[in-house]
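**Q** This is what each chain is made of:
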Amino acid sequence: KAGVTQTPRYLIKTRGQQVTLSCSPISGHRSVSWYQQTPGQGLQFLFEYFSETQRNKGNFPGRFSGRQFSNSRSEMNVSTLELGDSALYLCASSSPGSNSYEQYFGPGTRLTVT
Amino acid sequence: AQKITQTQPGMFVQEKEAVTLDCTYDTSDPSYGLFWYKQPSSGEMIFLIYQGSYDQQNATEGRYSLNFQKARKSANLVISASQLGDSAMYFCAMREDNTNAGKSTFGDGTTLTVKP
Numbered sequence: 001k002a003g004v005t006q007t008p009r010y011l012i013k014t015r016g017q018q019v020t021l022s023c024s025p026i027s028g029h030r031s032v033s034w035y036q037q038t039p040g041q042g043l044q045f046l047f048e049y050f051s052e053t054q055r056n057k058g059n060f061p062g063r064f065s066g067r068q069f070s071n072s073r074s075e076m077n078v079s080t081l082e083l084g085d086s087a088l089y090l091c092a093s094s095s096p097g098s099n100s101y102e103q104y105f106g107p108g109t110r111l112t113v114t
Numbered sequence: 115a116q117k118i119t120q121t122q123p124g125m126f127v128q129e130k131e132a133v134t135l136d137c138t139y140d141t142s143d144p145s146y147g148l149f150w151y152k153q154p155s156s157g158e159m160i161f162l163i164y165q166g167s168y169d170q171q172n173a174t175e176g177r178y179s180l181n182f183q184k185a186r187k188s189a190n191l192v193i194s195a196s197q198l199g200d201s202a203m204y205f206c207a208m209r210e211d212n213t214n215a216g217k218s219t220f221g222d223g224t225t226l227t228v229k230p
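Those sequence lines, one after another, are chains A and B.
Using this note's numbering, read the first sequence as starting at 1 and increasing by one per residue.
Using this note's numbering, read the second sequence as starting at 115 and increasing by one per residue.
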């Protein structure tokens with residue numbers, strides 16, 4: 001079974017631009033969550049999508065948005081990029097059929113904003 | 115609000131010895147799950163072990179075991195027979211009840227270095 005894939009793996013953007021990151025979950029997983037990881041703030045939850053609906057949301061400004069498609073693939077978008085948005089963005093999928101709901105993470109997209 | 119505390123920024127262990135990574139948590143929800151993840155330098159988070167709040171026995175997965183002390187709100191990870199490949203960052207995480215299955219709170223992590 002293929003794991004969680006994220007594209008692109010690396011990205012360099014300029015302040016003020018926008019960016020879209022993509023995540024394909026493990027086949028059969030309907031929940032996709034996004035996390036931001038930075039040295040200063042650690043791992044912070046962005047949002048979770050389940051069956052194309054946002055089910056949970058973290059404390060991030062409205063510049064951060066996401067969506068999920070009918071095939072469970074998810075995208076997150078960051079508009080008007082700031083230097084502080086430089087981070088590793090991790091996507092995780094999980095299956096409601098799992099007893100523990102453990103999340104399986106992708107390799108991440110490393111975003112650098114200059 | 116839920117909170118995870120990992121008080122050991124860095125730990126060293128000799129190869130083949132056991133090591134315990136500490137984790138304490140805070141929640142008011144009676145139903146929750148506790149997880150440990152390993153993050154090598156490549157960046158990918160690898161699920162290691164899970165403990166449910168209602169589980170009576172401590173979870174074990176191969177060389178990993180979770181020392182769950184509910185009254186003390188601690189969920190320490192024990193790695194037995196350490197290997198060089200165990201060198202990585204380790205994160206403790208918690209989710210509150212199944213409706214928040216996709217939303218986990220993570221600790222700051224512990225960097226484990228295994229010495230040959």
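It should be emphasised that the hints constitute simulated quantities derived from the structure, not laboratory data.
A portion of the hints provided could be inaccurate.
Unchecked claim - Residues from chain B shown here face chain A by an in silico Cβ test under 8 Å; the list is partial:
| no. | residue |
| --- | --- |
| 1 | P123 |
| 2 | F126 |
| 3 | K130 |
| 4 | D143 |
| 5 | Y146 |
| 6 | G147 |
| 7 | G157 |
| 8 | E158 |
| 9 | M159 |
| 10 | A215 |
| 11 | K217 |
| 12 | F220 |
| 13 | G223 |
Stated by the list, open to error - Residues of chain B clear of chain A, computed beta-carbon distances all greater than 10 Å:
| no. | residue |
| --- | --- |
| 14 | M125 |
| 15 | E131 |
| 16 | V133 |
| 17 | I160 |
| 18 | N172 |
| 19 | T174 |
| 20 | R209 |
| 21 | N214 |
As the list claims (entries may be wrong) - Pair by pair, the computed Cβ-Cβ distance ranges are:
| no. | chain 1 | residue 1 | chain 2 | residue 2 | range |
| --- | --- | --- | --- | --- | --- |
| 22 | B | K117 | A | R63 | 20 to 28 Å |
| 23 | A | R110 | B | Q197 | 39 to 47 Å |
| 24 | A | G28 | B | E175 | 43 to 51 Å |
Glycine included, C-beta positions come from ideal geometry on N, C-alpha and C.
**Q** What hints, given by number in increasing order, does this structure fail?
**A** 1, 2, 3, 4, 5, 17, 20, 21, 23 and 24
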